[in-house]
Structures are given as structure tokens and as C-alpha cells.
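If you read the protein sequences in the order shown, they are chains A and B. Just so we're on the same page, the numbering used here is the position in the first sequence counted from 1, plus 189. Just so we're on the same page, the numbering used here is the position in the second sequence counted from 1, plus 13.
Keep in mind the hints are simulated off the structure, nothing from the lab. Backbone N, C-alpha and C define an ideal beta-carbon position, used for all residues, glycine too. Among the hints, erroneous ones may be present.
As the list claims (entries may be wrong) - Simulated restraints, written as ranges between beta carbons of each label pair:
(1) A:E229 with B:C55: 38 to 46 Å
(2) A:P271 with B:R378: 51 to 59 Å
(3) A:P271 with B:S426: 29 to 37 Å
(4) B:D150 with A:E285: 27 to 35 Å
(5) A:E234 with B:R92: 28 to 36 Å
(6) B:H498 with A:K263: 48 to 56 Å
(7) A:K263 with B:R92: 21 to 29 Å
(8) B:R92 with A:T237: 25 to 33 Å
(9) B:A422 with A:P271: 30 to 38 Å
(10) B:S294 with A:E302: 52 to 60 Å
Said to hold, decoys possible - Here are the simulated lysine-lysine pairs, BS3-like style, with alpha carbons at most 25 Å apart:
(11) A:K207 with B:K282
(12) B:K282 with B:K85
(13) A:K248 with B:K31
(14) A:K263 with B:K85
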Amino acid sequence: METQLELIRGTLDVLILKSLAWGPLHGYGISNLIRQQTDEALLVEEGTLYPALWRLERKNLLEAEWGLSENNRKAKYYTLTPEGRRHLRAESKLWEAYAAAVGKMLSATHRPEES
Amino acid sequence: MPVPMWRRYARFLGVDLKADVDDELAFHLEQKIDDLVAQRGCSRKEARREALRQFGDLRSIRQTGHRHARRKERQMRLRDHLGLFARDLQFALRTLIRKERGFAAISVLTLALGIAANTAVFSVVNTIVLRPLPFPDSDRLVWFSGGRDTIENRPKTSGLSAVTYQVAAFRAIQETNRSFAQLASYNPYFGSGDYTVSGLSGEAQSVSGVMIDSDFLPALGVHPLLGRNITAAECRAGGARSVLLSHAMWQRQFGGDPRILGRGLTLNKQAYTIAGVLPASFDFGAVFSPGLSFDIFVPGDLDEMSRWGNTLAIVGRLKPGVTIEQAQREADTLIPQLQRDGRWKWGDYTSSLTGLKEHVTGKTRRSLTVLWGAVGLILLLVCVNLSNLMLARAAARRAEFALRSALGAGLGSLFRQLLAESATLATAGSLLGAAVAWAFTTYLAQQGSFALPLLHHIRIDVDTLLWTLVLGVTAAVLLSLAPIHGIASHDLQSTLREGSQSTSAGPASERLRGLFVISEVALACVLLFGAGLLLRSFLNVLDVDLGFRPAQAAVMRIDFDDQGKAELRGPIFERILSRVTALPGIEAAGVADMLPLGRNRSWGLEAKGRTYSPGHRGDAIIRVVTPGYFAAMGIRLQNGRDFTWADSSTSERVIVINQAAARANWPGEDPVGRIAMVGGREVRVIASLADVRDLSLETHPGPEMYVPITQAGPAGAEMVIRTRLDPGTLAPTLLRTLRELNPAQPAATLRTLQNIVDRAVSPRRFFVLLVSAFAALGLVLAALGIFGVISYSVSRRTQEIGIRMALGASASGVQFSVLASALRLVAAGVVAGGLASYFSGRFLESLLFGTRPTDPVTFIAIALILAAIAVLAGYLPARRASRIDPILALRR
């Protein structure tokens with residue numbers, strides 16, 4: 190069985206926003222960060238990463254600026270806008286609640302008593 | 014909003030968003046290759062292949078990126094434009110306020126006038142025509158108009174009695190119909206101040222009331238604010254007497270005290286209990302009797318009324334899903350069936366059913382549409398006029414525009430600036446216009462003197478403001494069109510080369526300005542012609558022979574107590590009238606139960622022994638009067654004698670008829686001395702007199718008859734006095750005299766008879782006033798337009814005129830040629846306007862009285878007025894032209 194998980198729809202946006210929570214990053218950096226943070230369990234493909242970035246930028250959740258990378262290349266760095274930060278907070282809360290609920294259901298051991 | 018800093022920076026670098034996408038993806042690949050080389054130690058070439066493989070479909074990702082870039086670009090461009098437009102607006106505001114205050118003031122004022130007229134008229138149209146009646150689900154309310162099958166055979170002048178219902182018929186229809194959720198009735202034979210209220214603090218006073226049945230308020234969907242509706246039992250013989258108060262009466266008389274329920278009230282000497290208070294939103298008069306307001310609602314005793322004849326007006330609420338056509342079809346079969354079944358003895362109650370809204374506002378719809386059209390023309394005129402002004406201004410500013418265009422401003426930015434200017438003007442004009450309209454409609458809603466339905470409900474609401482917004486935006490766009498055309502059609506660079514000397518507009522814009530003036534004159538012509546026709550009709554109406562003389566006569570409602578006995582009635586009125594006529598300054602006095610142009614009822618009248626064609630209905634309007642009434646009203650007796658007090662309840666029954674009744678029943682003969690049949694009884698005709706305009710000023714009178722008060726029961730008593738004194742000074746004396754004879758006489762106002770006539774023509778007066786005001790406004794605008802164009806062309810042709818004068822043209826010759834050019838424009842406008850009037854005149858036809866929509870006199874008058882205006886508007890520039898000094902002009 191593969192150890193890499195398929196991304197569930199709609200989660201990519203939150204992951205991107207979260208990865209930018211520590212500071213500006215370029216697209217490549219974002220994909221690396223997600224991979225490392227999830228212990229290589231989640232792999233973000235370029236074909237989905239960039240369109241998502243551009244979409245978030247147009248929605249004003251991200252801001253982009255050209256800068257120099259560690260090895261002196263011109264790279265496009267993304268930063269969270271205040272709106273993006275707010276969005277991240279709201280989405281995280283939703284996800285935690287969702288995950289907890291699904292977890293509870295799946296870890297249930299017996300039928301609930303009829304009351 | 015200023016352009017954001019980063020955008021300027023980006024522009025400076027010439028950044029391309031698409032290239033950004035490519036760079037971004039390229040960076041990703043490079044970075045990946047570096048990492049692969051470091052991790053796996055393979056060659057860069059291998060690493061690149063691996064990176065590309067991992068990347069997937071690079072091309073489609075790039076395309077997605079480019080799409081995003083395009084969208085973003087568009088977004089930014091829009092934001093930039095908005096920012097620039099905001100800056101343009103600021104600039105326009107500054108220019109208009111600081112440099113061109115005069116131009117701005119004139120434009121804003123004329124626009125405000127146009128917008129105010131449109132907003133105000135729209136609010137009237139909206140209230141009366143567009144908005145539903147102020148009842149829930151009012152589209153299900155239906156009005157019954159009776160006597161449909163005989164209405165053709167019957168004089169159209171028989172009034173209310175011809176279209177109302179007997180109680181028996183109403184009850185039969187109410188019980189058997191299946192189309193209506195509720196069928197309700199009220200008694201429409203009310204007047205103003207029918208009821209005398211006593212038992213309150215202060216003296217007795219008269220109030221207006223209407224008798225309704227217990228279904229009336231539920232059918233309309235009106236719920237009492239306090240207390241309860243009247244009950245069915247209260248609408249029967251021997252039922253308890255309760256009364257509902259209008260909100261206004263409750264506030265006025267009881268200070269809005271909620272504890273009045275159950276309190277007693279004496280109405281016409283009978284004790285009533287206050288059962289409820291109706292909400293302020295319920296305005297009976299506004300819907301059913303425009304121009305009157307009602308204070309109390311009394312249960313109508315249907316058992317009592319069933320003995321009286323046609324007494325009820327019927328309103329129904331359709332069941333959900335039933336259409337008015339279905340209800341009409343049911344009525345067409347049901348009502349004749351009920352009659353065959355003998356549910357009532359006589360009378361034709363075949364009915365036409367119309368929506369209540371149609372019944373209430375149908376008559377004013379045409380007038381309002383005309384009014385709406387007139388203000389539309391006004392706004393058009395305003396826009397044309399201002400366009401002309403803008404065009405002249407654009408010509409003067411050509412140098413400025415040329416300079417700006419030379420400095421790199423594109424046509425787009427010049428257009429944007431012009432649009433910003435006209436938007437600024439239109440906004441200011443709309444705001445001012447809305448404020449003026451608000452003041453006007455507030456004033457109008459408080460007017461009691463115009464008998465128009467729903468007038469009190471007129472206000473500026475959201476719909477109206479939206480309409481104003483639409484007009485404002487339209488005006489802004491229209492205003493910027495002319496100068497934009499002016500710029501676009503002209504080579505700006507050449508202007509710059511020619512230098513500041515050339516301030517002339519091109520021949521194209523000259524032609525455009527001429528066209529503008531012609532259309533202004535044409536529009537004004539249409540307006541003036543319409544107003545002229547309406548004014549002429551109004552004058553014709555005022556000129557109508559009423560059959561009585563309203564001047565120097567006044568009316569007061571009086572109270573009497575005859576205990577229902579005819580033999581007591583004569584002496585009571587004889588005493589009252591002898592005392593009143595003895596007062597100094599009173600020339601004549603008389604009493605009638607109903608006055609012309611007010612309420613009315615009709616009875617059958619036939620010549621004895623004459624056979625009439627089958628289906629003939631000899632209805633005549635009947636008034637119960639005292640001796641002296643004809644003299645007091647100024648009704649001319651043609652033949653015979655007035656009633657005297659000797660015509661008593663025991664003497665021979667007598668009537669007086671009018672000319673129309675004489676013609677209808679005794680054609681070619683003298684009716685005096687003949688025997689007529691009225692209500693199955695023989696009566697002797699003792700006189701014939703002039704036809705009185707009973708129903709309206711416009712309707713030719715039909716048969717009318719007068720019965721002495723001693724021989725028939727009067728439905729109220731209105732005392733008419735003829736006097737040269739001012740009614741205001743006379744009223745207290747009169748009231749004191751009446752109170753000496755009858756302490757219960759309520760405080761009543763002494764209205765002039767002229768007041769009653771004025772009220773009857775008030776809708777016509779209302780429209781004529783407004784349309785004439787709009788026409789005058791149109792005339793002023795057209796005059797300004799002519800003046801503007803002619804004086805502009807004179808200033809432009811200064812050199813040419815100078816040369817002509819140097820070559821020997823006389824001052825008067827120059828003046829004449831300038832005036833002639835003004836007249837030429839007007840003539841073209843009049844021809845165009847005349848054609849338009851000819852076709853639009855038919856629309857006015859139903860509103861006219863005594864004149865035709867192609868009335869040549871009016872048209873010639875209008876053409877002459879316009880010619881005079883042209884001469885007036887052309888005179889100043891012509892004089893200026895004739896004073897041009899050839900030397901100075903040539904030296905320029």
C-alpha cells in the first residue's frame with residue numbers, strides 16, 4: 190500500500206495558507222514544506238499547486254512579490270494577506286471539528302444505546 | 014482613489030503578468046533540478062527530464078496561469094479606471110465650482126427643474142396608477158356597476174341610482190354567488206357632514222359618515238386598530254347601534270384615548286356605542302370618494318334600506334384563483350336567473366364587474382399618462398438645451414483638449430473627463446431635483462382641494478427614487494454625448510496648430526446645434542399645443558351654463574327635527590327660512606336635500622297617458638326643495654310658478670321639471686299644468702326651468718325634477734342663501750339664528766357655492782395647472798436655446814458681419830438677417846412640432862371639452878407665440894450684431 194495519501198478536495202487551500210503562516214515562501218518552498226510537515230504523506234503536485242496559488246492570489250488571500258531565492262534566483266514569493274490569515278483561522282477550526290467528528294465516528298466500538 | 018504605488022512601478026518596468034507566470038514555473042523547475050542533482054547525484058540533463066516528468070502537463074498549467082493573469086490584468090485595469098474616474102470627478106468638481114460657476118449653476122438648476130418635475134409626476138403616477146390600492150391582495154377586489162342592460166336606453170344622466178343596487182338584489186347575489194369570498198356593500202348616498210355629533214365636550218358638530226355592512230371591512234382586508242368590526246346583527250332592524258371611528262376622528266376628538274371603546278356617542282339624536290377605531294392607513298374617502306374625508310362608519314340597517322330602492326354600492330373580494338372574467342360570466346347568468354326567480358320585484362341589476370383599482374383610478378389614468386408624457390418632454394428639452402450648452406463649451410475648450418491630447422492624453426481619458434463633468438452636474442441636479450420634488454409632493458399630499466383619488470398617499474418612495482436615479486444616469490450619458498461627438502469629429506492637433514484664434518466649431522457641430530434648437534422648438538411646440546388644448550377645454554368648462562349662478566351664494570348644512578312627520582316639516586322650514594331671509598344682507602334663501610355636483614338620486618318620471626317604447630327608463634334626478642330654493646340658487650324659471658308654502662302635505666301633489674324632462678316626456682308641448690306619474694302617483698307639473706349641471710360640468714343634463722319638501726322625505730337639508738356679504742362674517746349670525754330655532758343645530762361651515770363648483774373642476778384644474786407650468790418651462794428652455802445659438806453664431810461671425818457692414822450693409826439689414834436666422838430655426842421647429850402634435854393630439858381627445866385635437870386656432874396661437882419668442886430671443890444678439898464696429902472687427 191502506498192504511504193502517500195491523495196489530497197481530499199478543498200484541503201489544498203488550507204495547507205497552502207498554513208504553510209505561509211511562518212512567512213513568505215515561493216511555490217517550490219510551499220510544496221517542500223507541505224511534504225516535510227506531513228512526513229511525506231501528502232505530496233502536492235505542481236499541476237494543482239500553481240493554479241491554487243493564482244486563485245488565492247486573485248481572491249486577495251495571498252499577495253505576491255518578486256524576490257531573490259537562497260541561491261540567488263529571481264523567485265515569486267507569496268505572503269498571507271490579513272484576509273488570508275483570517276481565512277486560515279476560520280478554516281482550521283472547521284477542519285479540526287470535522288476531523289474530530291469523523292474520528293469519533295470511525296473509532297466507535299459499539300452501537301449507541303437506544304434511549 | 015489614487016493609482017497604487019506598485020502599479021506605477023509595475024508600469025514603469027513594463028511588467029507582463031504572463032511572463033511572470035512563465036518565470037515562476039521556470040524557477041520551480043530549476044530549483045527542482047538543483048535538488049534532484051544534489052539528492053541523486055545524476056546529471057543535470059537527467060534531472061531535468063525527471064523534473065519535467067514530475068511536473069506533469071506543463072503546457073496546460075501555463076495556460077491556466079495565463080488565464081489567471083489575463084483576469085487579474087482586467088481586474089487591475091478596472092480598478093485603475095475607477096481610480097482615474099474618481100480623480101476626474103474631483104477635477105470636474107473643482108473646475109465647475111471654481112472656474113465655471115455660472116455654467117454649473119445654470120446647468121444644475123435646469124436639470125433640477127427637469128428632474129423635479131419628473132420625480133414629482135412619477136410619484137403621482139406611481140401612487141395613483143402603478144401602485145396597488147392600499148389593501149391586502151387588492152387585485153382581488155372587484156367593483157359592481159349595475160343596470161348594465163338598460164344603461165343604453167336610459168339617460169346617461171340618471172346618476173348614482175342607475176348603477177346601485179336594492180338590498181334584495183344585493184342579498185340574493187351575496188347568497189348565491191360562488192366567485193367571491195366576500196361580497197360587501199356600503200351606502201354611497203352620503204354627503205359631507207351628514208351626521209350631527211352631540212354629547213361630546215363642546216358644541217354639537219357635524220361629521221361625515223358612511224353606512225357600511227358588516228362584510229365591508231373584512232372584504233377590503235381592513236382590521237380595526239382597536240375594538241371590533243360591526244356585526245351582521247347590527248345591520249338588521251332592531252340591531253344595537255354601534256359606530257366605528259376613523260383614526261383622525263379618534264385623535265382629534267378623543268386625543269387617541271384607548272379607553273373610549275364602549276363609550277356612548279349621540280349621532281343625529283340617537284345613542285350609539287363606540288365599537289372600534291380604524292387604522293390610520295384606512296382612508297375611505299381617498300378610494301371611494303376622492304376629496305372627502307370620513308370620520309365615522311355606521312352599520313347600515315339593511316332591513317330599513319330594503320324599503321328605499323337602489324341604496325347600495327357593492328364591492329367584492331374574489332376567491333383565490335377566480336378571475337374577474339369568470340366572476341363576470343357567473344354574474345351574467347346568475348343575476349338574470351335571480352330576477353326570474355323573483356328575488357326582487359323590479360329593477361335591472363345586470364352588472365359590469367371591474368377591478369376596484371380600475372374603478373377608482375381609471376378616469377384619471379389618461380390625464381396622468383399625458384402628464385407623464387409632458388414631463389418626459391421637459392426632461393428631453395432640458396437635456397437638449399444643456400447638450401447645446403456643453404457643445405458650445407466644448408468648442409471653447411477645444412484648445413485645452415488639444416493641449417492635453419498633445420501631452421499624451423488619449424481620447425478615452427478626454428471622454429472620461431467629459432463624462433465625469435456631466436456626471437457631476439447630473440448628480441447635483443438630481444439631488445436638488447429630488448429635494449424640490451419632495452417638497453412639492455409633501456405639499457400636494459396635504460391639499461384637500463383637489464378631488465383626486467389617493468392624493469393623500471402621494472410621497473417620494475423607493476420606487477420614485479429609483480426612477481430619479483435612472484433619469485439622472487440617462488441625463489449624464491446624454492449630456493456627455495454632444496461634446497464627445499464634438500471632440501471625436503474634430504482633429505484636435507490641427508486646432509493646436511491653428512492656435513487660440515480658432516475658437517470656431519466645425520460645420521458639423523454648427524449643424525448639430527441648429528438641429529438641437531429645432532428639436533427644442535418642436536418639443537416646446539408639442540407641449541404648448543397640448544397645454545393650449547387643455548387650457549381651452551378648461552376655459553370652455555368654466556364657461557358652461559351651469560343652470561344656476563354660483564357667485565354670491567353660500568351653503569350651510571342644517572339640522573331639523575320633524576319626528577318623521579311630513580305635516581310638521583313644512584312649518585319648521587317655513588319658520589327657519591322666514592327668520593333667515595329677514596337677516597340683513599340676505600336676498601333669498603331656500604333648502605334642498607342634495608345640491609348639484611354633489612350626491613344625487615333618481616326616481617322614475619313619466620307623462621300620464623303617454624305610451625313609451627319598451628325598455629324605456631324615464632329616470633330623472635330628484636331634489637326635494639323648499640320654496641325659495643330656485644331664487645337662492647339662481648335657477649331660471651322658464652314657465653310657471655315656484656313652490657309656495659301652500660303646497661302642503663295635504664294639498665295637490667306638484668312637481669317642477671327641467672327642460673330636458675319636458676322634452677323627454679312632453680315633446681313639443683308646454684308641460685306646465687300636465688299630469689305626470691312619479692312613483693305610481695299622479696302629480697301636477699307646475700313649472701319648467703333651466704337644465705342644471707347636476708353630475709359634472711362636462712355632462713349635459715338629463716331629466717331633473719323638484720318635489721316640495723312637504724310632499725316627499727328629504728335626504729338631509731342644505732340651506733342655500735344668496736347674499737352680497739362675505740360668508741365668513743355672515744356665518745356666526747346665521748348660526749345663532751338657526752340655534753335659536755333649533756338648539757341642536759351643529760356648528761357647520763358656510764361654504765360658497767363657487768367652492769362646490771371649484772371642487773367639481775379640481776381634477777381638470779390640477780392637470781391644466783401642471784401641464785401649463787410644464788409648457789411654460791418648455792417655452793423658457795426653448796427661448797434660452799434659441800438665444801444661445803443665435804448669440805453664439807453672431808460672436809463667431811463678427812468678422813464676416815464687419816466686412817458686410819464695411820461693404821455697406823445697413824445696421825437694420827444686419828439685424829434683420831440675424832432675426833431671420835432665428836425665425837428660420839423656429840419655423841422648422843414649428844413644422845416638426847406641428848406634425849408631432851397632429852399625431853399625438855389624438856391621445857388627448859378624451860380629455861378635451863368643446864375643442865378638437867386638431868384645433869387650428871390653438872395651433873396658430875402657439876405658432877405665433879413661438880415666433881414672438883424667437884424674435885425676443887434673437888433680438889439681443891441681433892442688436893449686438895448691428896453695433897459691430899467694422900474697423901474693430903476687421904482688425905481682429
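So, going through the hints one by one against the coordinates:
1. Hint check: E229 of chain A to C55 of chain B, Cβ distance near 20 Å, so the stated range 38 to 46 Å is violated.
2. Taking 51 to 59 Å as the suggested C-beta distance range, the pair P271 of chain A and R378 of chain B conforms, at roughly 58 Å.
3. At roughly 34 Å, the beta-carbon separation of P271 of chain A and S426 of chain B lies within the given 29 to 37 Å, and the hint holds.
4. The supplied range of 27 to 35 Å is broken by D150 of chain B and E285 of chain A, whose beta-carbon atoms lie about 52 Å from each other.
5. At about 33 Å, the CB distance of E234 of chain A to R92 of chain B agrees with the hint of 28 to 36 Å.
6. Range check, H498 of chain B to K263 of chain A: Cβ separation about 49 Å, and the 48 to 56 Å hint holds.
7. Checked against the hint of 21 to 29 Å, the pair K263 of chain A and R92 of chain B passes, with Cβ atoms roughly 26 Å apart.
8. About 29 Å separates the C-beta atoms of R92 of chain B and T237 of chain A, a value consistent with the hinted range of 25 to 33 Å.
9. Take A422 of chain B and P271 of chain A: their Cβ atoms lie about 37 Å apart, and the range 30 to 38 Å holds.
10. Evaluation of the 52 to 60 Å hint for S294 of chain B and E302 of chain A yields a pass: the beta carbon distance comes to about 59 Å.
11. The suggested pairing of K207 of chain A with K282 of chain B is violated, with an alpha-carbon distance near 87 Å, which exceeds 25 Å.
12. For a cut-off of 25 Å, the pair hint linking K282 of chain B to K85 of chain B is broken: about 84 Å separates their Cα positions.
13. As the CA atoms of K248 of chain A and K31 of chain B are separated by approximately 18 Å, the hinted pair is consistent with the 25 Å bound.
14. Using a Cα cut-off of 25 Å, the hinted pair K263 of chain A and K85 of chain B holds, with the two alpha carbons roughly 21 Å apart.
Consistency note: the structure conflicts with the earlier hints numbered 1, 4, 11, 12.
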